[in-house]
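Each chain is listed here by its residues.
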Amino acid sequence: MENVFIILFGFTILYTAATSRLAAHVKVLIWQGILLFLICMFGMNEFTLINILFIAFETIVIKSIAIPAFLGGLIKRTKGYRDTEANIHHFYSLFISTIILFFGFLVSNINLPAMKMINPLYFGVSISVIIISLMLITIKHKVVSNVIDFITMENGIFLLSLSAAKEMPLIVNLGVLLDLFIAVFILGLLVKHINTEFNDLEISHLSDLRDCEYDN
Amino acid sequence: MTISLLLIFPIVLCIILFLLKKENLNNLFVIIYAIIHLLLSTYYMVFEDERFISKYIRIDNSNIIFLVILSIIFMAVSIYNKGYMNLENVPIKRKRHYTYMLIIFVLAMTGVIISNNLGLSWVLVEATTLASAYLIYFSKTKNSIEAAWKYVFICSIGIALAFVGVVLLTIATGDLSSLNYYELVLNAKTYNTFWLKLSFIFILFGFGTKMGLAPLHFWLPDAHSEAPSPASALLSAALLNSAYFVILNVYTIVYAGNCSDYAKEMMLIMGFLSLFVSAVFIYHINNYKRMLAYSSVENMGILIIGTALGGAGIIAAIIHLIGHSLIKASFFLTSGNILKIYETKKIKNVNGLMSVDKKTGWLWMLSYIGITAFPPSILFISEFLMIKSMLEQGHYILAGLFLLLLTIILFGLGRNVINMCYGEISEERNRELSNNRNRLKISMYVPQVILLIIAFLLGIYIPYNIEMLIKLSVVGL
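Read top to bottom, the protein sequences are chains A and B. Adding 23 to a residue's 1-based position in the first sequence gives its number in the numbering used here. Adding 272 to a residue's 1-based position in the second sequence gives its number in the numbering used here.
It is possible that some hints are incorrect.
What the hints assert, rightly or not - Each computed DSS-like pair below joins lysine-lysine, with the alpha-carbon atoms no more than 27 Å apart: (1) B:617 / A:139; (2) B:617 / B:414; (3) A:102 / B:412; (4) B:412 / A:215; (5) B:631 / B:354; (6) B:414 / B:618; (7) B:612 / B:367; (8) B:365 / A:215; (9) B:469 / B:536; (10) B:414 / A:99; (11) B:618 / B:630; (12) A:99 / B:412; (13) B:618 / B:713; (14) B:412 / B:618; (15) A:215 / B:354; (16) B:367 / B:294; (17) A:139 / B:461; (18) B:365 / B:414; (19) A:215 / A:50; (20) B:461 / A:215; (21) A:102 / B:414; (22) B:414 / B:327.
What the hints assert, rightly or not - Covered stretches of chain A (in silico footprint by chain B; criterion: 3 or more residues with CB under 8 Å from a CB of chain B, positions within the stretch not fixed): (23) 84-94; (24) 130-141; (25) 209-217.
Think of the hints as simulated: they come from the structure by calculation, not from any bench. None of the values given here were measured: they were computed from a predicted structure. Quick reminder that beta carbons are idealized off the backbone N, C-alpha and C, glycines included.
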């Protein structure tokens, strides 16, 4: 059953690649959090109350509620609703993302001895989500989009850690949670300051620092 | 007890500062923490029996030299910081926030160095990013926002990729469910080599971003040039070492797992790329703090090349790390003096430094001589050993390339340093600059003098104890 949710998780990134509305990106984050929760629930072998509570907190409370609410508020405050000037047109970014995801599925079907140590579908989809997120970070023009794509990448990494098919040490789990929460908080604060200082959130404003002068 | 002083005491200081909110406590607390840090690390260095290894923390032969270096740099920075921050015309609240973050930043770096668990190291490296982001953003200008944004964003992506590496390492380890460094090295021969190699790529790229290795160095010149000079010194002379230390630990695992050939190639490529990037950019640079930042990229490249060479090369890398930290901290702190006198970071607007302020001029010149490895700088020994190691291993072309790139960097740096130190300036400008110079306190010269004396003395004679510590820090590689 969890395989269906993993595939759906893979498809969510295609929606992010295809749309320019930032509110839609935030909604995708909410769905990704819910899907990750379901993947954990259906994929877990041992159920302990602490495990379930921790995973629910990590996926539902943080990934599906806290971060999207914070980002939603940020988008409203900064009034940057769309990221229309991406370096690559949405159609092409969707096309490239689809190919990467397709290769992710292919990787999960490779019959190598090393692949027997992991859950292949988790691995294939998570690696493609990480690569697509990195690609989206490079082509988007709004700083909020970059933060959203960064969180998508973190979600991909979360799925990858599930592919290890064994318990990650608690300290790492806590670290990931802390990292995600604080990184988003700090990035959010910086986004606010960027908006105040530059009046909008175009990434092109952040290119004044350079090594050489071009005096002409 | 002693270790809790190192880790809990700074948090107590921050809480007291938060409750009392007294301006005069800012510098005092930084200096108290620096003294305690230095005393404790010296204590652990001298009394071998007091060193210990626990599940999450260790102070042993592998990290004591890194800890001592951090302490010395922090001590120098804390002395300099007092004079520098008194000249900063910013609200008291911002100075207090700066103090919190400076203390937490050093605490996080200490944690990275003494951590005995890869997972914990990873969390603490991320903590260094979050703490130092404020230090970079301290002046709250457009440029500092840009630098802080790039720093947090690029380093967060790097750290996320490093986490992928950690996950892949746990896959490689098979049944072992631990990230303790000792256990990881002990069982390394049983690991799956495919996943081990793959994990090293991600970890090298991830922590390499934090270490400032090309092609992942883009945040470094911006961040180092925008941060206040004491913070730049810590970023360059201590933070990069912490990231290198994590890479070194993972490399030890890869080495023990018999996958080091592959890792060595990766490190050599990134090392030479760092040298190349520095050589290209230093030549055309317009900002002297960025110039120093590129010099850090170069030196991190040298460190990773030495590590890849192994044997004498890796010992040379540790010697290089010591020398680079001491001299680069001095260089960055002196750049703070220049910034306060000339009120510009542009190289072309700074000239006649020797006639305006002889002390700063000589510190600038001696730091240059030190960093470019002119004898008796300790870096001469490390670079000489590295070239010797390359020739012994038959890497003649690499040795030639290494020398060529270092010569270009030496020339690029030298051209700018000499242009800044000498040249004519009008009497009116001299008067104006002299007024600025008179504001500099003695505490803004002494730390650099001490750092340079240590670096040059070590270049003439390395005491037996320190030599042993250097060798023991890389034992097994």
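Are any of the numbered hints broken by this structure? If so, which, sorted upward?
1, 15, 20, 22, 23
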